[in-house]
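Asker: In case you want the letters, here they are:
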Amino acid sequence: MTDRGAMRGFSDGRRTGAAGARATPFVDRNFKYLMIFPAVAVILFIGLFPVIHTLMISVQNLTMLDEDTSFHGLVHYGRLLSDGRFWEAIGHTLIFVVVALPTELVLGLALAYLFLDRLPGKQVFVALLVLPVVVSPVIAGATWRLLFDQRYGPINQVIGWFAGEDVTILWTVDPAFVYPAILIAEIWQWTPFMFLLLLAALSNVDQSQLEAAEIDGASFWRTFFKVVLPAIWPVMAIAVLIRALDLFRLFDVVWALTRGGPGTLTETFSIYAYVQGFQQFETSYTAAMSLVVIILLAITVTLVLRRMEIDR
Amino acid sequence: MAVRFVVAALVTVLFLFPIYWLAIISFKTPDEIFAYPPVWWPEQIQFANYAVLFKDGDAVTVWNSLVIASISTVFAMVIGTMCAYSIARFRTGGNLFSDWLLSNRMIPPIVIVFPVFLLFVELGLVDSFVGLILLYTAFNLPYVVWMMRGYIQDIPLELEESALVDGCTRWQVFVRVVWPMARGGLFATAVFTFVFAWNEFIFALVLTRSEVTTFPVQVTHYFGGQSNFWAKIAAMSVLGTVPIFIAVTLLQRFLVRGISLGAVKG
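Protein chains in written order, with my numbering: chain Z, 1 to 312; chain B, 1 to 266.
Read the hints as simulated data drawn from the structure, not as lab findings.
It cannot be assumed that every hint is accurate.
To be verified - Under the rule of at most 25 Å between Cα atoms (straight-line distance), these lysine to any residue pairs were calculated in the SDA-like manner:
1) B:K232 - Z:L170
2) Z:K122 - B:K55
3) B:K265 - Z:F225
4) B:K265 - B:N104
5) B:K55 - B:R253
6) Z:K122 - B:L16
7) B:K265 - Z:L170
8) B:K265 - B:R105
9) Z:K122 - B:R253
10) B:K265 - Z:W233
11) B:K232 - B:T29
12) B:K232 - B:Q46
13) B:K55 - B:N228
14) B:K232 - B:A23
Unchecked claim - Listed next, with one range per pair, are the computed distances between beta-carbon atoms:
15) Z:V27 - B:R209: 40 to 46 Å
16) Z:S219 - B:G94: 45 to 51 Å
17) B:E43 - Z:P262: 53 to 59 Å
18) B:Y20 - Z:D216: 43 to 49 Å
As the structure is a prediction and not an experimental result, all values here were calculated from the model.
Quick reminder that beta carbons are idealized off the backbone N, C-alpha and C, glycines included.
In isolation and in its complexed conformation, chain Z is listed as follows:
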C-alpha cells in the first residue's frame, strides 16, 4: 500500500517537459531529504540522544549521594533481575491491562450496538458520551478521588441507600478496594473511546452481507463472528493496540487516586520508575530500568504488528 500516490517517473528530482532541460537547483534535488530533516532532528534530539545518554549512565553508578562515573559494567541490570518490587510493578501493570482492556472492549462494543440503529437524539448522546475521553487523565483521577471519598463522596452514599445503612468504604486506601477503584476510573474514561471507534466500524459493515445472513437464518452470534467481526477487525485491532500501549504506561490515574499505595500495592511500572528516579534519585538504576523496558516493549510491539499486518 505504500506505493499509493507516490510520484512515479520523476521522484528522483527530474522535471518533466521543457523544464527538464534546466539544471535543477539544490533545494529541488535534495527536496525529499530537506523535508524530513527538521522532524528527524527534533526526534533524534529528544528520542535518540537521551537514550544514548541513558545507556552511558546505566553502566556508571550515579545515586543521590554518589557521583561515580567510572565503569560499573552491567551491575544495575543484574540488580533489576533480583528486584522484586520492579517485577511486582510489571505484574500490577499487567493486571490493569488484562482486566481493563477486555472490559473496555466488551462494554464499548455493547454501547456501539446500543447506538447503532436510528435513535432520537443520537448525535447528542454520542457527543456527550465522548467527553470523558478528552478529560486529562490526571483530572479524571482527581475527579474519581472526590467521588470515592469515604464520607463526602456520592458513591458510598448511593451504596448506602441500597445497603440501608451508612457505608464507609475506604476506596483509595483499603487493599480490597484500590484495584476496583482505579479500574472503574480507567474504564469510565476509555470505554467511550472503544465505543466511538467501534460505532464507526459497525456503521461501515456491508449491509447486504448482513441481510444475506439474516435470510439464511443465521443467529445473532453466528452473524457476529462470521460477518461482523472480520469486517470490524482492522479498526478493533488498532483500538486494542492503542489502548494496550496506553495501559502499559498507566501513571496519571493511579497517581491521582493512590500514588501507588497502600504501600506498593498499586504501583505500576511507570510509578515505580518515577519513585526510583525522582524520589530515591537512583539515577543509574532508573536508567538501566528504562532501557530494559524500552527493549522489551519494542520487541513486543514489533511482534504484534507483524502478526496483525496492519496496513501501512
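Using the hints, position chain B against chain Z.
Answerer: Chain B only, in chain Z's frame:
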C-alpha cells in the same frame, strides 16, 4: 426503540455523572462541599472558588498550558507535515523509516522523561517554556507524520504535477498546492496534537517547577497529606477542561479518524 432510548439515556447520564459532580463541587460553598450526607445540588451557584484561583494567580497555569499546547502544536504540524509529504510522495527512507518514526510514539513517557530530564538539567531547560514546547513537539511528531501521510496520499497527484510543469519549485508546490488541499486533515490532526499537549501530565510534572506549571500539575498540588483543597481541585479542573470540551464538540466530525490513528477513514 423506546426501551433502547431509555437505556441510552441512562448510560449517558451514568457516564456524565463524574463530570457533573466535579463541576457542581466547584460551585458549592465549603459548608456544602463538606456536608454529610453529600449535597447533590447547591443552594445557589456561586463563583467564589474560581475568584480565589484568579486572585492567587493559580489560574495562570491554564494560560501556561495554552501557550505550550498552541506553540508546540504549530511546530509539530509544520515540520510533521513536511516530513509526511516527503514520505507520502517520495517514500523517503522506506518502510523502515516510517516504522521507526511511529515506534517513537510507543515509548512510555516515563522511560523518556528520565533521560530528557538529565539532558534538560545540563541545557538549563528545566522549568522553561522552550523545554516543554520542544518535548511536546517531538512527542507529537510521529502522530502528525502518520496522520498527515494518510491525508496527503488521498490528494490527487495531477494538481502537483501540473504545478511542477508550470515551473513551480517543489517547495512552492508543497506550500501552495499540498498545504491548502490538506486543510481538513491539518485541522483534525492539530486538534489531537493540541489535546495531548494540553492534558499531558508526567513530562510537565517532572520538567516544571514553578514558572511554567501547567494546569494538570497545578491540580495535583491541591492534594495534601491530610486535607485536600476540594474547592480548588474542582474549580481548577473545570477551568482547564471546559476549553477542551468546547473544542472537541465543535470539531466532532474529525474525532473518529483522529483518535483511531487514521484507521477509520472519515
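Asker: Look at each hint and say if it fits the structure.
Answerer: Okay, the hints, checked on the actual structure:
no.	hint	result
1	B:K232 - Z:L170	22 Å, holds
2	Z:K122 - B:K55	42 Å, violated
3	B:K265 - Z:F225	23 Å, holds
4	B:K265 - B:N104	23 Å, holds
5	B:K55 - B:R253	38 Å, violated
6	Z:K122 - B:L16	16 Å, holds
7	B:K265 - Z:L170	45 Å, violated
8	B:K265 - B:R105	21 Å, holds
9	Z:K122 - B:R253	14 Å, holds
10	B:K265 - Z:W233	14 Å, holds
11	B:K232 - B:T29	11 Å, holds
12	B:K232 - B:Q46	14 Å, holds
13	B:K55 - B:N228	19 Å, holds
14	B:K232 - B:A23	11 Å, holds
15	Z:V27 - B:R209: 40 to 46 Å	42 Å, holds
16	Z:S219 - B:G94: 45 to 51 Å	47 Å, holds
17	B:E43 - Z:P262: 53 to 59 Å	37 Å, violated
18	B:Y20 - Z:D216: 43 to 49 Å	46 Å, holds
The structure shown violates the earlier hints numbered 2, 5, 7, 17.
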